Amino acid sequence: MGREMRTGWGLVEEWLTSMKLGLILLGIIAVTAGMGTFIPQVDQSPQEAAKVGQLWQTLGLTQIYSTFWFRFLLGLLCLNLVACSVRRFNGIYGRVFRPRPPRTAGDLPAKIRTEIKGDYQILQDSVQRTLAHHGFRLTGRETETGWSFLGLRRRWGYWGSFLTHMAFVILVLGAFLSSLLGAKGYFMVGAGSTLSIQSIMTEGRIDQNFNVRVNAAEKKYLPNGQLDNWFTDLSLLSPGGHVLVRKIISVNHPLTYRGITFYQSDFTSGVHLTADVRGKEQKVLLSEQNGYNYYYAPGTDLYFVVAQIAGNEQQPEMMYLVYNNNLRVVQQGTLSKGQTANIQGEYKVTLDGYAPFTGIQVKKDPGVGVVWLGSALLLVGLFLSFYWRPARVAGVLSHAEETKEGILALGMTAGKGSESFLSEIRKSSEDV
Amino acid sequence: MSQILKGFEGPLFYLLLAAYVVATLLYWGGALGKKNGLSRAATWVAVAGLVINTVTIVVRMLIAHRPPLANGYEFILTFCWGIVAVYLFAEFRYRLRALGSFVLPVPALLLLFVEIAISPAERSSTVIMPALKSQWLTIHVATAMLAYGAFAVSFGLGVMYLLKERKMRAAARIGGPVPGDSGADERRAASPAESSMTGGLPDGSGLAAGVVEVNSGILARFPALEVLDELAYKVVAFGFPLLTLCIITGAVWANYTWGTYWSWDPKETWSLITWLVYAGYLHVRFTRGWKGRPAAWLAVLGFAAVLFTFFGVNYFLPGLHSYANPSG
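Line by line, the protein sequences give chains A and B. Quick note on numbering: the first sequence equals residues 1 to 432 in our numbering. Quick note on numbering: the second sequence equals residues 1 to 328 in our numbering.
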């Protein structure tokens, strides 16, 4: 018999619901994701990525995970999973809530099959008793030749595959929400600094408007000298200066305020300096980290850069470099606490003391709850699929012609205790 | 106390290495020489190795006052523990000693790698970064340990399957049924759990019916193909949810620590690829009935992905998991 030809929507439906499409997509996504680990990615190593060249950037190979085509593949996979799940839904629903006993012996599960002969009534009784004893949910019906039944145990296991597939879709949906509605930012400052939340966020947008103040930052050690954690005393202030919330955060102990979470991310050494520019003093906080390690004195063409901070918190020392506008080093030297350096006769810099710098990651992620929901469903689905597999026993009991004898054709899925189950039915019918 | 325990660490490591190497040699000797005594001895040496492995891990925990999951050496110790624990469970549960010849070399080689590539100083208890001070890490690595252990066992079963199937195909090409077919004997001798297992093999292979079997050499001691196939599936089905849990707990931990549950870090990406390979294995088995040789190859490929996730990423691909570099 030839295969039915499909056209139009039927063809699309067949393609969308095909297992082959799902497997091809899984393979492509796996290969693509792997490629992304070999090709330098922009947000991981800009220097390396720059070497790859314009062509790679044009193809999106330096930002694979955020390219349109990679997201399209994920979207297509979700569509495939949804289509497959929808197609299977009725079958699973029927198996769980409307189980149908077999019509003929040909409909019995093929994994384990056997046949028992005996008194019709006794066989029927022993089947019912044994199934009930083993916790099977029994559905029976009269047939033209006698009686047939279906026993189910752990029937919720049928939902495992469905839940697993839908969970994957929910996970991708959560990730999509994160990228669409999420916002993030990062700041590294010394104790005493205050920043507005709007100035911190560099990706996405948030509606709230408040200020973030770092009251104190500290690196704590254990009695054995090992690093315990980094701590930051953080206050969130209303535009009017009112304290909205205050908390000491550390790594693995973030602060969440109205959907925005502050994570302790980095910690580095810094210094308090005083810059005296033509008699006008200015307090300066600098750290070793790029972006936070230079001071530009107004009215000059000189950049004072922290090269290294040494010593300890009580007696800090620093090495500095001074660049001009042409990025040439015009001066270098070291400073101890209390010492002053004359910078090209333009201004003076005094090292006042040590200043810890704390790095805080700020994030708003409305998709994360959806991701956790998907993760939980995925685990439930896998648990049902692999650790809660349904057991199915079906049978057709037929009258032998013009006698009280019956022939019981039994079929069951393999599982723990299959053998003992069969022998119990045999023994039960023999005992009676 | 801590200093005394530190003194035990070195000898314990070498004792552990010796146990796994000797167990491997005994398994090989037992299989090649058809000596049941050697195979039995191999099992008990492997059990002793697992005990020493446990003691080594506990000693490290007592010294460091934390779970032993902070550097490459500690990860390898727990990885070996997972492999041998899952393997011994499979051996006792299914009476499969021949499997030891293919699984025990994995922890033995891992420990030899430690001896060659990681200096004793790098193996010592180190300061852990604040990000690692999380209970999520313990669950994350514990689930990885068991999942990877299960995948190592499925790898061994896959290799056994492929070797036996290849030999049987060769025998079938030469002249059909081999005199003294031991396949039926194997099935009769199999444990009750094994004998109840059935499973289709590729259509038309002729092997499914047990027409051709091998009756000599190490392969004669392997269980029937369908038993190897079914067991590999069971082990993967055990490990796959654990790998999923491992990835999810890693995501929860990363979210608590860095505010990002998924950052396409190479370790994350390769664990996803490993997950996809095993998802493919289970999927094609459920829906397409892929069994036998393709399934065995997928089990081998999956474990290659596991090893790359574990080692390759640490060596070749820098990322957030850089602290997991075997050298510390």
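Since the hints were made in silico from the structure, they are not lab data. Treat the hints with care, since some could be wrong.
[What the hints assert, rightly or not] Going by beta-carbon spacing under 7 Å, a handful of chain B positions derived as facing chain A:
1) S134
2) Y256
3) T287
Just so you know, these numbers come straight off a predicted model, no measurement behind them. Where a beta carbon is used, it is the ideal one built from N, C-alpha and C, also for glycine.
Each hint tested on the structure:
1. S134: Result: holds, 5 Å to nearest chain A Cβ.
2. Y256: Holds. Min distance 5 Å.
3. T287: holds, 5 Å
No hint from the list above goes unmet by this structure.
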